[in-house]
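Each chain, letter by letter, is given below.
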Amino acid sequence: MWLALYFPQLPIDRQDRRSADEPRAVILSEGPRRRVMACNSCAEAYGIKPGQALKNAYALVPNLLISDFDEYEQAAHLEQLTLWALQFSSWVCPEEPDIILLEIAASLKLFDGLDGLLHQVSLGAKEQHVSLLMGIAPTPKAAELFARAGMQHAVTDMPALLETLSRVPVSFLPLDDFTLKGLRQSGIRTLGELRAIAPAALTRRFGSQCTELLYKLDGRLPDPKAAYKAAETFSQGVDLPLEAPDTGALAFPLNRLLGSLGGYLKTRDLGIRHLDIVLFHHKRKATRVAIKFLDATANIPHLFRVATERLATITLDAPVIRLAIESTELASLTREGGDLFQKSQAQSSSIEQVLDKLVARLGKDALYTAQPGDDHRPEKAWMSALLEQQQPPEQWPARPVWLLREPIPLSEDMTLHTLPERIENGWWDETDVRRDYFIASSKSGAYYWVYRLRHQSTQYWVHGLFA
Amino acid sequence: MDTALDALLRSQPALWRGRDRYTDESSIPTGFASLDNALPARGWCIGGVTEILSSQQGIGEVSLLLPALSQITQTGQWAAFINPPYLPYAPALSNAGIRLDRLLIIDTKEDSDTLWAAEQVLRAGLFSSVVAWVERSSAQKQRRLQLAAETGKTWATVYRPQRDANEHSPVAARLQADIIDSQLALTLIKVRGGREQTVIIDPAEFDDSQGVEWPIPAGTVNL
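As given, the protein sequences belong to chains Z and Y, one line each in that order.
Last residue of the first sequence? That's 467 in the numbering used here, and every number before it is there in order.
Last residue of the second sequence? That's 223 in the numbering used here, and every number before it is there in order.
Same shape as in the complex, but just chain Z (with noise of 0.2 Å):
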């Protein structure tokens, strides 16, 4: 069974949600005539219609925002829909220049069925900012046929199929102008006229490539459809239609981005580690944003708020043009039991998550737990350690709560209350520490941790506090 997924408005899709208000067409070139190919509603309720000359156009909305129609944007953008509708079916097809064939029999249990595989899909469509046409059908060709048509109910078996074909009207029909003009000429007007036709006769008198989609609409003649294969490593980019001054514009195409990353780890089965977002400015050398997670992650909608929380952080020198998203390195993903927190299990995020928020505003250097190092000399009995195995404990003799980075010497008087403890080590390195330690107070009643040098009596100097 194969489900078409149609873009009708794939050229206008790739621009801002956020401008609807405003008009907007995209315009396709053919020699000197200019025409619009789509636009947004806004400019349809002022009138403009796809096919509309330009001159024409301009003529109701003076104000109109044209972009030139991109060939090859349009296919970058269909292959990221690919990309993210791989995480639908393992066997999906693009079809340049605006359709996308799943075979979905074998997703249908994994989905909860059709009902739950189309809500999933629309509800992916609508994340993505892009308009969506269905069509469901036991071929590809009439799977495809229907979402033009916009015909969107299932048809899930031959006989209903062939009911169904009858009433499509051949304009919808994938031919050439010449042959439909000659349909249309002959009194022809829906499929069920057209298959009443003798075969012979039909081809006889409109070539053979009717014929032939005519049989691959009804399964007669085999439609093999070779499943797309995805690359080694994620990299793709989006042309941004206006130049974006700040960051923080660049979310609707990130979220793009990350939707068709989505799909493509779910059908490696791999989660993302290291994530380079390429801006690309004019006439200058590419802003690289570096963002790596602690364990490999395929969850999109954190991955999209750790991006956005690090882009924010980034002052643009120029503006951007381009935005690109390419994995530095994947993991395969460890998925873990829910008990391992006894707080956890109620909670929607994990560790890791709050973890990559923090390490992604913060630095990854922010982070860390403190370990006991396998020497006696303060110095070195503090190890900074990030989520590493820990030795055993071991019990030390009364040592302060906080350790001061540098010891600073001592400048109030104190009472000393302990007798000294030497910590004599490390000649064979450049710390070299012949200490004796004593706990002291002040007078106003803090306990500090002071040590004065062996050779040099007098100078006590503060390395911690009892806090």
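Hints were generated in silico from the structure; no laboratory data involved.
Using N, Cα and C, we set each Cβ at its ideal position, and we do this for glycine too.
Just so you know, not all the hints are guaranteed correct.
Stated by the list, open to error - Examples of chain Y residues toward chain Z, derived with CB under 10 Å:
#  : residue
1  : Arg42
2  : Gly43
3  : Gln57
4  : Ser63
5  : Leu66
6  : Phe81
7  : Ala90
8  : Pro91
9  : Asn95
10 : Leu100
11 : Val121
12 : Gln197
13 : Ile200
As the list claims (entries may be wrong) - So these bits of chain Y aren't anywhere near chain Z, every CB distance computed over 12 Å:
#  : residue
14 : Ala4
15 : Pro29
16 : Ala33
17 : Asn37
18 : Ala38
19 : Arg99
20 : Leu104
21 : Lys109
22 : Arg136
23 : His168
24 : Pro170
25 : Gln176
26 : Gly194
Here the structure of chain Z is known, so what remains is to put chain Y in place on it, guided by the hints.
Quick look at chain Y alone, frame taken from chain Z:
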């Protein structure tokens, strides 16, 4: 008289008594009997911010938390220190029984980052204890933390300078830490469902958490 009054109060379901609400709340025992008794929740309040306003550093204001932190981390739950003023010294924490691989330390550069990180961690509800040190805060910011702690049902502790003691702060509890007669005195400036009082922590109660017997014998050397 007490029972008759109680019976009368109980017969009125519309009557809301301040103390009731918080005695039901779950809490973590502080490890200090006198402090547990003074707090209406019988321990550190889970799902609320406790502010500690310390007159100076080095008087045991952090050791106050160590017994509860030890209890939390030993059961595999997470705790976080956000913007500690000095290096949290691993040997001391390990002496106090804290599992160091369950204590995440987060360094921040400014108060806005500290408050932001604290809010994120509290709201996630994945940490059982969050301790943050802030230099400047405001009633509004403290309120955000309090709400985040309520959302994440997390025991939150915020250290603030003592000069802010007179400022209004909409948190669950506020404690002022001072040294009186070389003993740690905690003044409960504000506790939901409790009353203002001063709790003296006997230095001997810090023995376990600091690995040394307090009070330590007075020394002979004066500098």
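Structure-based check of each hint:
About 21 Å separates the beta-carbon of Arg42/Y from the nearest beta-carbon of chain Z, more than 10 Å, and the hint is not met. With 10 Å as the threshold, the beta carbon of Gly43/Y stays out of range of chain Z, its nearest partner Cβ sitting at about 17 Å, so the hint is violated. Given the 10 Å rule on beta carbons, the hint for Gln57/Y holds: about 5 Å separates it from the nearest Cβ of chain Z. For Ser63/Y, the interface hint holds, the least distance from its beta-carbon to any beta-carbon of chain Z being 6 Å, beneath 10 Å.
Using the Cβ-Cβ criterion of 10 Å, the hint placing Leu66/Y at the interface with chain Z is satisfied: the shortest such distance is roughly 7 Å. At a threshold of 10 Å, the smallest CB-CB gap from Phe81/Y to chain Z is about 9 Å, leaving the interface hint in force. Hint status for Ala90/Y relative to chain Z: holds, with the closest Cβ pair at about 4 Å, below 10 Å. About 4 Å separates the beta-carbon of Pro91/Y from the nearest beta-carbon of chain Z, less than 10 Å, and the hint is met.
Contact between Asn95/Y and chain Z, as hinted, is supported at the beta carbon level, the nearest pair being about 5 Å apart and thus within 10 Å. Proximity of Leu100/Y to chain Z holds as hinted, the smallest CB-CB distance being about 5 Å (cut-off 10 Å). Because the closest C-beta pair between Val121/Y and chain Z is about 6 Å apart, less than 10 Å, the hint holds. Against a cut-off of 10 Å between C-beta atoms, the interface hint on Gln197/Y is violated, since the closest Cβ of chain Z lies about 21 Å away.
Checking Ile200/Y against chain Z by beta carbon gives a least distance of about 13 Å; that is not within 10 Å, so the hint is violated. The claim that Ala4/Y lies off the interface holds: its Cβ sits roughly 42 Å from the closest Cβ of chain Z, which is beyond the 12 Å cut-off. Even its closest Cβ contact with chain Z, about 17 Å, leaves Pro29/Y beyond 12 Å, as expected for a residue assigned away from the interface. Residue-level check passed: Ala33/Y sits 21 Å from the nearest beta carbon of chain Z, beyond 12 Å.
The non-interface label for Asn37/Y is consistent with chain Z: the shortest C-beta to C-beta separation is roughly 24 Å, beyond 12 Å. Under the 12 Å C-beta cut-off, the non-interface status given to Ala38/Y relative to chain Z holds; the minimum distance is some 21 Å. Chain Z draws Arg99/Y into its interface by the beta-carbon criterion, the shortest separation being 7 Å against a cut-off of 12 Å. Against chain Z, the non-interface label of Leu104/Y is violated: not every CB pair exceeds 12 Å, the least being about 6 Å.
With a least beta-carbon separation of about 8 Å from chain Z, Lys109/Y fails to lie farther than 12 Å from that chain, contradicting its non-interface assignment. At roughly 19 Å, the least C-beta separation between Arg136/Y and chain Z is larger than 12 Å, which holds for a residue marked as non-interface. Once the 12 Å rule is applied to beta carbons, His168/Y is consistent with being away from chain Z; the minimum gap is 27 Å. Residue placement check: Pro170/Y keeps its beta carbon more than 12 Å from all beta carbons of chain Z (closest about 25 Å).
The beta carbon of Gln176/Y is kept farther than 12 Å from every beta carbon of chain Z, the shortest such distance being approximately 14 Å. For Gly194/Y, the shortest C-beta to C-beta distance to chain Z comes to about 25 Å, beyond the 12 Å cut-off, and the non-interface label holds.
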